[in-house]
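Chains as they are written, first to last, in our numbering: chain A, 21 to 304; chain B, 21 to 304; chain C, 21 to 304; chain D, 21 to 304; chain E, 21 to 304; chain F, 21 to 304.
In case anyone wonders, no lab produced these hints; they're calculated from the structure.
Since we're looking at a predicted model, the values are computed, not measured.
Any given hint could be a false lead.
Where chains are identical, the list cannot tell them apart; a pair therefore holds if satisfied intra-copy or between any two copies.
[Claimed, not checked] Straight-line distance between alpha carbons at most 30 Å, and here's what the computed DSS-like set of lysine-lysine pairs gives: (1) Lys159 <-> Lys191; (2) Lys94 <-> Lys159; (3) Lys191 <-> Lys94.
Protein chains: 6
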Amino acid sequence: MSHPPTLPPSSTWCPLVELALAEDLGPGDVTTQITIPPDATGRARIESRQEMVVCGVPVVCEVFRQIDPGLEVKVDASEGATPGPGVAIVSLSGSVRSILEGERTALNFLARMSGIATFTRRFVAAVEGTGTQIVDTRKTLPGWRMLDKYAVAVGGGANHRIGLFDGILLKDNHISAAGGVGPAVAAARARAPANLRIQVEVESLAEARAACDAGADFLLLDNRSPEEIRTIREALGDGVLLEASGGVDLDSVRAYAESGVQRVSIGALTHSAPGVDVALEIQP
Amino acid sequence: MSHPPTLPPSSTWCPLVELALAEDLGPGDVTTQITIPPDATGRARIESRQEMVVCGVPVVCEVFRQIDPGLEVKVDASEGATPGPGVAIVSLSGSVRSILEGERTALNFLARMSGIATFTRRFVAAVEGTGTQIVDTRKTLPGWRMLDKYAVAVGGGANHRIGLFDGILLKDNHISAAGGVGPAVAAARARAPANLRIQVEVESLAEARAACDAGADFLLLDNRSPEEIRTIREALGDGVLLEASGGVDLDSVRAYAESGVQRVSIGALTHSAPGVDVALEIQP
Amino acid sequence: MSHPPTLPPSSTWCPLVELALAEDLGPGDVTTQITIPPDATGRARIESRQEMVVCGVPVVCEVFRQIDPGLEVKVDASEGATPGPGVAIVSLSGSVRSILEGERTALNFLARMSGIATFTRRFVAAVEGTGTQIVDTRKTLPGWRMLDKYAVAVGGGANHRIGLFDGILLKDNHISAAGGVGPAVAAARARAPANLRIQVEVESLAEARAACDAGADFLLLDNRSPEEIRTIREALGDGVLLEASGGVDLDSVRAYAESGVQRVSIGALTHSAPGVDVALEIQP
Amino acid sequence: MSHPPTLPPSSTWCPLVELALAEDLGPGDVTTQITIPPDATGRARIESRQEMVVCGVPVVCEVFRQIDPGLEVKVDASEGATPGPGVAIVSLSGSVRSILEGERTALNFLARMSGIATFTRRFVAAVEGTGTQIVDTRKTLPGWRMLDKYAVAVGGGANHRIGLFDGILLKDNHISAAGGVGPAVAAARARAPANLRIQVEVESLAEARAACDAGADFLLLDNRSPEEIRTIREALGDGVLLEASGGVDLDSVRAYAESGVQRVSIGALTHSAPGVDVALEIQP
Amino acid sequence: MSHPPTLPPSSTWCPLVELALAEDLGPGDVTTQITIPPDATGRARIESRQEMVVCGVPVVCEVFRQIDPGLEVKVDASEGATPGPGVAIVSLSGSVRSILEGERTALNFLARMSGIATFTRRFVAAVEGTGTQIVDTRKTLPGWRMLDKYAVAVGGGANHRIGLFDGILLKDNHISAAGGVGPAVAAARARAPANLRIQVEVESLAEARAACDAGADFLLLDNRSPEEIRTIREALGDGVLLEASGGVDLDSVRAYAESGVQRVSIGALTHSAPGVDVALEIQP
Amino acid sequence: MSHPPTLPPSSTWCPLVELALAEDLGPGDVTTQITIPPDATGRARIESRQEMVVCGVPVVCEVFRQIDPGLEVKVDASEGATPGPGVAIVSLSGSVRSILEGERTALNFLARMSGIATFTRRFVAAVEGTGTQIVDTRKTLPGWRMLDKYAVAVGGGANHRIGLFDGILLKDNHISAAGGVGPAVAAARARAPANLRIQVEVESLAEARAACDAGADFLLLDNRSPEEIRTIREALGDGVLLEASGGVDLDSVRAYAESGVQRVSIGALTHSAPGVDVALEIQP
């Protein structure tokens with residue numbers, strides 16, 4: 021029933037592609053210029069070297085488009101596909117120089133984005149059947165916010181707020197500035213834009229109750245054990261949205277999912293996902 | 021005897037800081053605006069939460085400078101310092117709103133850069149006494165080339181070429197296009213700019229000999245075992261610079277270092293370094 | 021109890037200042053160059069020529085800063101001040117050339133921004149005592165979104181969502197694509213990010229009920245009469261947030277405010293606010 | 021005999037389109053993503069809701085081109101056309117998401133540009149038969165100089181200088197710096213680039229005579245009554261170009277036109293033109 | 021009586037400085053990094069190596085400011101100064117690395133700009149006493165329009181129009197499209213903006229008469245001999261502004277100046293001025 | 021055997037084309053707008069006016085593409101072609117306005133780039149048969165590094181390092197900071213990236229010997245006479261790469277080439293090449 025994840029507007033990530041090509045290609049690829057004739061043409065394919073969730077193919081296409089609009093780029097694996105090793109993801113045909121110039125940048129994008137999607141999928145699988153969502157955080161790589169969050173979505177996760185502008189999350193510093201959870205939530209409700217819900221980080225059942233009483237829309241339970249969370253859930257009833265976070269890993273995620281939260285947010289999805297192994301092979 | 025690593029020219033990384041702030045802050049930090057009075061001032065410090073090699077402090081300073089030039093930013097730990105947990109790295113004083121707006125972006129930079137430096141230092145320590153250099157690759161995060169390579173240097177590693185423009189490395193595709201290692205090197209020597217050395221990837225002793233005979237300046241031995249490398253070293257003598265690469269990890273790196281190569285290049289330094297744990301604390 | 025409106029991050033409006041100076045100054049102010057000696061210095065002040073709500077002073081300061089960082093710029097009237105005619109808003113001291121080069125651009129910004137604030141304040145005054153908020157729309161001038169919305173806030177209005185990214189508003193086209201109000205809201209609830217409320221445009225009491233039943237957070241009543249709105253309010257009770265819009269002017273706004281809505285949104289605040297009269301005078 | 025107005029070079033206004041889309045669309049249109057399937061296609065048309073002079077269609081096309089080059093955009097009304105209400109201006113066919121994402125930005129451009137053209141046309145009509153030109157000023161919206169002036173031309177007006185760089189206009193501050201009208205004009209003639217005429221603002225017949233004697237090319241009569249202007253015209257004869265300005269409105273413009281000036285310049289054309297009513301309708 | 025030439029607005033040339041530093045410095049100055057300690061400080065001066073007209077000092081300052089705001093830069097020779105060889109133009113004090121990184125870019129700017137000023141001054145000297153102006157053309161180096169024209173002014177020349185936008189010059193192609201000189205000028209007068217004079221290129225006395233009769237403001241006589249020009253001047257009388265151009269060099273320029281033209285325009289000022297010899301010396 | 025010179029990546033020079041068009045066209049070509057109907061079409065060709073080496077045709081194409089993608093641009097002369105006068109280089113067909121708007125910018129690029137190529141070819145011809153390379157320097161025009169070096173290559177020259185980042189050249193200041201040639205080279209060898217050779221500027225045979233002993237890869241002999249160079253060559257033998265520089269002109273270059281150096285570097289190639297004569301003719 022869900023739509024497939026939407027690739028972010030190109031204006032939010034094409035500048036990163038430009039930076040990436042500028043830093044790698046700079047004034048030109050010397051090795052290619054001295055060994056490959058300018059008119060040499062050939063075919064190549066980018067392929068998986070391991071099981072993975074494919075993510076980043078449109079970015080790969082943009083990399084090669086920026087280098088050489090004349091290259092023919094064929095997409096073999098769609099976003100979210102789960103090939104085993106040795107499967108074609110993108111096929112290229114045209115100038116060999118252009119293919120080699122874009123190879124490393126394209127692979128670097130694909131390896132990270134597929135890495136995040138693959139890592140996310142493992143968390144999603146671990147909570148299968150619980151109805152709990154796996155959610156990302158703002159611990160993305162600087163410059164990569166939109167691509168990182170898109171990769172989480174391709175992996176089956178959900179996105180938390182994109183940035184500081186499209187969600188309200190009252191954390192410890194905001195709360196202490198306002199004089200406690202209750203006053204903080206009350207102040208936020210008085211001033212918050214109507215289109216934004218108010219989420220509050222709480223550290224105890226008492227704080228959770230204070231937040232709900234003051235009108236919080238949902239709660240973030242950071243660094244609480246599944247047991248603590250279960251207690252809070254039972255005390256508050258089902259009417260409030262709960263999110264757990266804090267050092268959740270593949271071993272512990274299911275216990276959190278079964279503790280009664282609707283969402284588990286995991287910074288590691290974007291700050292610690294291992295890159296996947298992908299390679300570009302010139303075809304004979 | 022070595023100079024400390026040089027922070028890359030700001031024009032190569034300030035655009036990334038701008039992208040990073042734009043994607044997180046966008047039209048503004050709603051939570052802060054509704055909870056923190058505009059004239060509230062305070063102090064905060066960024067501190068380590070684990071043992072680490074500090075890297076990225078100048079980038080942290082630039083993040084806060086772009087947000088609010090009026091913030092007072094004091095550097096407590098210099099690049100390359102190795103604090104234990106709980107040590108101050110940067111102290112901030114001024115507008116609480118400004119501090120909170122920059123917090124996540126600053127930490128995201130610091131966590132990755134220190135992560136790379138810390139991870140590199142472990143490899144450097146593992147080969148201590150062998151004289152072998154730990155070297156990075158072009159498997160950096162797109163947009164992050166200069167910061168990633170700088171972090172490797174802060175961790176005690178050496179930098180391979182920055183990009184395709186400042187080094188010649190003949191790899192399989194170049195070699196097959198030229199008809200073999202010998203002809204490839206010969207062609208490269210005839211056309212290469214005089215200021216650049218010629219490195220060649222070889223897969224066997226025979227290829228290594230052909231490369232040297234044709235005038236290669238140094239060799240890359242990719243996915244060879246330490247034993248194979250030792251054989252090649254003994255056959256070629258000490259006159260040629262050798263570099264090993266391919267799946268080297270902390271367990272195997274010393275064996276490579278002792279196999280007779282001058283350099284071991286490791287993609288994982290930049291594509292798989294775990295982020296370190298750092299946090300910003302508002303001071304009471 | 022409310023904080024004063026926050027000037028948007030400079031990255032969201034400084035590019036507009038650059039565009040504005042480039043289009044007016046281009047390669048240089050010929051008239052000034054041929055009549056004013058390069059070393060002539062003097063004083064000038066920008067002053068009101070009518071009753072107004074002052075807005076845009078920080079933008080005026082940025083205009084002159086970009087032209088000549090050596091100009092001394094003194095702020096005489098704070099944002100939101102309500103001078104009568106002939107009152108100083110900003111005082112300038114330094115190069116006469118610089119003052120004259122920035123004059124028109126600075127005044128153009130100030131006249132529009134103060135115009136919006138002044139116009140908004142009239143609507144706010146018209147509903148005084150009702151507790152109803154005056155809210156802006158996305159009918160801002162392209163390129164001016166953040167400054168327009170800031171000016172509304174300075175005038176005492178509230179901001180609707182900033183753009184398409186920080187609020188959900190189901191309008192006719194979304195609803196018909198989903199097969200009606202009920203299914204549209206249900207689909208939105210299933211897929212919407214947790215941090216965003218769901219607003220729905222409805223055209224009748226039946227639609228309003230369907231929206232509420234499906235879980236809408238608040239309703240937009242577009243082009244309904246105050247009487248229709250009152251009927252809907254009475255039928256739904258006080259639990260749902262209602263917003264009226266559509267051709268509301270200074271004559272009709274109070275009737276809407278008293279009809280039971282919490283918010284009245286008015287496109288004219290930003291697409292039809294008359295500019296105020298401001299002028300720059302060289303001081304003798 | 022006149023050519024149709026020339027759309028300014030795209031480099032002078034495409035950056036404004038980019039700013040406008042960035043501020044509205046930002047990281048993406050959430051409402052559309054959760055309600056419209058990614059592969060939904062449809063047709064829409066932008067149409068007039070009132071009598072108007074159409075202006076801005078090429079900008080509308082550029083808005084949709086930046087969002088989605090795959091959209092089919094058909095122009096139904098040419099620049100300067102004068103439809104009644106309900107007439108198609110642009111027809112769109114393709115992705116429904118793309119159409120909805122660009123709707124508001126496209127309409128905002130079209131409403132303002134057509135608004136200026138429509139307002140200008142009223143002034144032009146008011147002076148019909150007199151031979152007097154209606155001319156704009158530099159009181160344009162910052163960032164919009166070229167589009168505003170183009171809209172004036174589409175409405176039948178003429179453009180005053182584009183900016184400070186392509187015309188010389190000696191105003192009070194320049195004159196007092198030079199020691200009077202005569203010395204100011206003399207100094208200007210000695211230093212002015214040969215390709216630029218010299219216009220001088222004068223406040224009396226005596227100043228007008230001094231300006232002409234010193235070699236001014238044409239005169240600006242600011243805030244003079246039609247009667248005063250007629251006196252000056254008769255005293256000076258027909259050889260000098262005269263321009264009137266200052267608070268001219270639709271009621272008074274014909275009196276100015278008949279007072280003997282060749283041009284009447286009106287800031288309100290660009291700082292106070294009401295936007296026209298245009299809408300985008302999804303076609304069934 | 022003339023003001024000193026005005027340095028163009030920084031927005032028109034700072035992007036060129038950025039391009040220049042990016043292309044030379046790129047990811048960093050390797051030689052300096054491996055030989056100069058990061059904390060080494062010293063003094064240097066940029067000095068003349070020949071007789072020259074100094075031009076470009078503010079650009080030199082900007083180069084070093086972009087590299088290192090901490091460098092102390094002292095201006096020893098003002099724009100337009102005419103030192104002999106061995107005279108200090110700019111003195112630098114601070115980081116040796118920063119000085120060496122900016123050396124070549126700074127000298128490249130200074131050598132070209134002073135070269136144009138020096139070359140222009142020779143033409144100006146050659147026509148001394150005739151009252152004829154030496155004028156530049158649009159044959160400037162792409163990207164350098166404003167700096168090239170400024171350098172001409174520093175050398176004592178006058179500037180022709182800056183670009184296609186601030187002057188009207190009817191050339192052969194425009195004239196033939198309009199059906200002859202007379203119709204072309206008439207059409208131009210009917211449509212030209214009032215602030216711009218109309219210059220026409222003519223090839224004979226007959227064309228010159230036709231242009232004047234149709235209302236041309238001034239004439240360009242391209243590739244006419246001084247004798248031809250004298251004949252035209254005598255036939256037309258003193259009332260019309262004449263400009264000569266076309267292959268004028270230092271040998272022939274005085275004959276042109278004495279032929280009765282007010283201006284001689286010379287493309288070689290900007291497309292063929294030899295660079296002057298300047299050098300940076302580290303001080304002991 | 022050599023590949024034809026590679027046009028640099030468009031990202032390194034398209035910004036210069038944008039700057040160039042912005043500075044010349046600005047808000048529009050007034051002359052063309054008032055004399056050429058908007059729908060006039062025609063043909064034109066750019067042709068040589070002298071013997072020359074053609075260089076810059078892809079840049080010319082980009083100029084017209086940026087102005088009007090609808091123009092048909094046909095390339096008549098390939099890069100490096102050597103036409104006599106009157107030969108077509110590029111043919112254009114389409115909007116006359118577009119052709120005239122791009123004319124001057126296109127010619128300015130072509131004249132300089134072909135000028136450098138033509139000048140370089142004369143040096144190359146002067147050393148024909150000696151095997152010595154003609155090499156450029158970093159004395160290029162700021163902003164033009166990549167185009168200047170490309171033009172040298174088209175003229176048959178070789179490129180020295182592109183900038184400070186892709187080659188090591190120890191000059192007097194580096195050497196004195198290190199305490200002499202020997203220590204400087206030794207320090208450089210210890211710290212230099214492995215992919216870069218080390219070139220050293222030496223002033224005497226003694227310094228040359230010290231450099232070689234310390235491991236320099238090649239030597240720069242600046243301002244030495246051919247006789248001095250021959251002495252050094254004979255003393256050092258053939259094993260070391262030598263480059264001569266310093267005031268070499270067309271008269272002296274062959275003597276240098278025959279003195280035993282492999283390379284002669286000549287700053288005048290890029291700082292003093294005379295522009296060639298090219299013109300655009302509208303076809304009847």
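Cross-check of the supplied hints:
{"no.": "1", "hint": "Lys159 <-> Lys191", "verdict": "within (15 Å within a copy, 34 Å between copies)"}
{"no.": "2", "hint": "Lys94 <-> Lys159", "verdict": "between (33 Å within a copy, 24 Å between copies)"}
{"no.": "3", "hint": "Lys191 <-> Lys94", "verdict": "between (46 Å within a copy, 25 Å between copies)"}
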